[in-house]
Amino acid sequence: MYKFLLKPKWLAFHALLVVLVATMCSLANWQLNRHVERKAFNETLTLRFSEPPQPLAEILQRFPDREDAQWRLATVSGTYLEQSTVNVVNVSQDGRAGYDPVTPLEIDGGKIVLINRGFVPLDAPQPLPPTGVVEITGRIRLSAERRTGAVSDSPTGVLTDIQRVDIDRLAQQLPAPVVDVYLEATQSTPADNEMLSIIAPPVFGNGPHLGYVGQWLLFSMCAIGGWIALVVREKRLLQKSAGK
Numbered sequence: 061m062y063k064f065l066l067k068p069k070w071l072a073f074h075a076l077l078v079v080l081v082a083t084m085c086s087l088a089n090w091q092l093n094r095h096v097e098r099k100a101f102n103e104t105l106t107l108r109f110s111e112p113p114q115p116l117a118e119i120l121q122r123f124p125d126r127e128d129a130q131w132r133l134a135t136v137s138g139t140y141l142e143q144s145t146v147n148v149v150n151v152s153q154d155g156r157a158g159y160d161p162v163t164p165l166e167i168d169g170g171k172i173v174l175i176n177r178g179f180v181p182l183d184a185p186q187p188l189p190p191t192g193v194v195e196i197t198g199r200i201r202l203s204a205e206r207r208t209g210a211v212s213d214s215p216t217g218v219l220t221d222i223q224r225v226d227i228d229r230l231a232q233q234l235p236a237p238v239v240d241v242y243l244e245a246t247q248s249t250p251a252d253n254e255m256l257s258i259i260a261p262p263v264f265g266n267g268p269h270l271g272y273v274g275q276w277l278l279f280s281m282c283a284i285g286g287w288i289a290l291v292v293r294e295k296r297l298l299q300k301s302a303g304k
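The opening position of the sequence shown corresponds to residue 61 in our numbering, with each subsequent residue numbered one higher.
Honestly, the hints are just simulated from the structure, not real lab data.
Each hint should be verified, as a subset may be incorrect.
What the hints assert, rightly or not - Now the in silico label distances, taken between C-beta atoms and shown as ranges: (1) Gly-267 x Lys-67: 39 to 47 Å; (2) Asp-125 x Leu-92: 25 to 33 Å; (3) Arg-206 x Leu-297: 52 to 60 Å; (4) Pro-235 x Ala-100: 38 to 46 Å; (5) Lys-171 x Leu-92: 39 to 47 Å; (6) Leu-202 x Pro-235: 19 to 27 Å; (7) Pro-235 x Glu-127: 22 to 30 Å; (8) Pro-237 x Leu-92: 41 to 49 Å.
C-beta atoms are modelled at their ideal positions from N, C-alpha and C, and glycine is treated no differently.
Please work from the sequences and hints to get the whole structure.
What follows is the structure in structure tokens.
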């Protein structure tokens with residue numbers, strides 16, 4: 061009675077079902093992996109944010125793999141090179157559009173550390189950094205990479221507005237070697253301009269990924285259930301035809 065399942069149109073239907081279920085299960089597994097990665101990221105952030113700030117040089121010496129240094133709180137002191145400030149544009153915070161002024165900090169040893177000094181609303185004037193020696197506490201960040209489809213910064217010339225903090229690119233227009241990480245300032249002594257808001261830290265939370273896992277598994281079960289219903293329906297129709 062189930063020989064009809066071997067007919068060409070049914071074989072094509074079986075193949076379509078296998079492809080659909082395999083695709084949806086693959087998507088469910090992808091979302092599960094993203095959930096696991098997000099959970100691990102949150103645990104890493106919690107641990108690193110709980111550690112007391114340490115001198116930047118010591119952290120970088122301990123962690124030659126800069127991924128292990130990212131998000132740790134570091135301290136560094138030096139003098140701002142105000143004339144070399146660039147602005148990260150097309151950013152928003154707390155529902156407001158604005159920009160992030162990034163100013164090079166010249167430190168002992170003749171090197172430069174880039175400091176993202178904070179967020180400034182779009183309608184606010186350019187905030188000048190403190191003069192003289194300053195001490196900065198901030199979150200260690202890695203050089204930003206361009207995402208697919210994102211706007212590119214010019215590879216040549218002197219930039220004043222940038223889409224992201226690309227350390228290698230900015231090093232081209234600075235007068236000294238640049239440290240291969242930058243800081244998002246959380247504290248400055250003396251205090252920076254009052255117009256600046258501290259860059260918001262990453263949002264803790266596991267996101268919707270686990271829900272999407274259930275969603276894709278439900279869709280796959282619905283597809284299988286639909287296939288079963290069609291098979292049963294076809295069988296009954298054939299039985300009725302045979303009984304006439």
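Practice item. Please name the hints from earlier in the document that this structure breaks, with their numbers sorted from lowest to highest. Key: No hint contradicted; all consistent.
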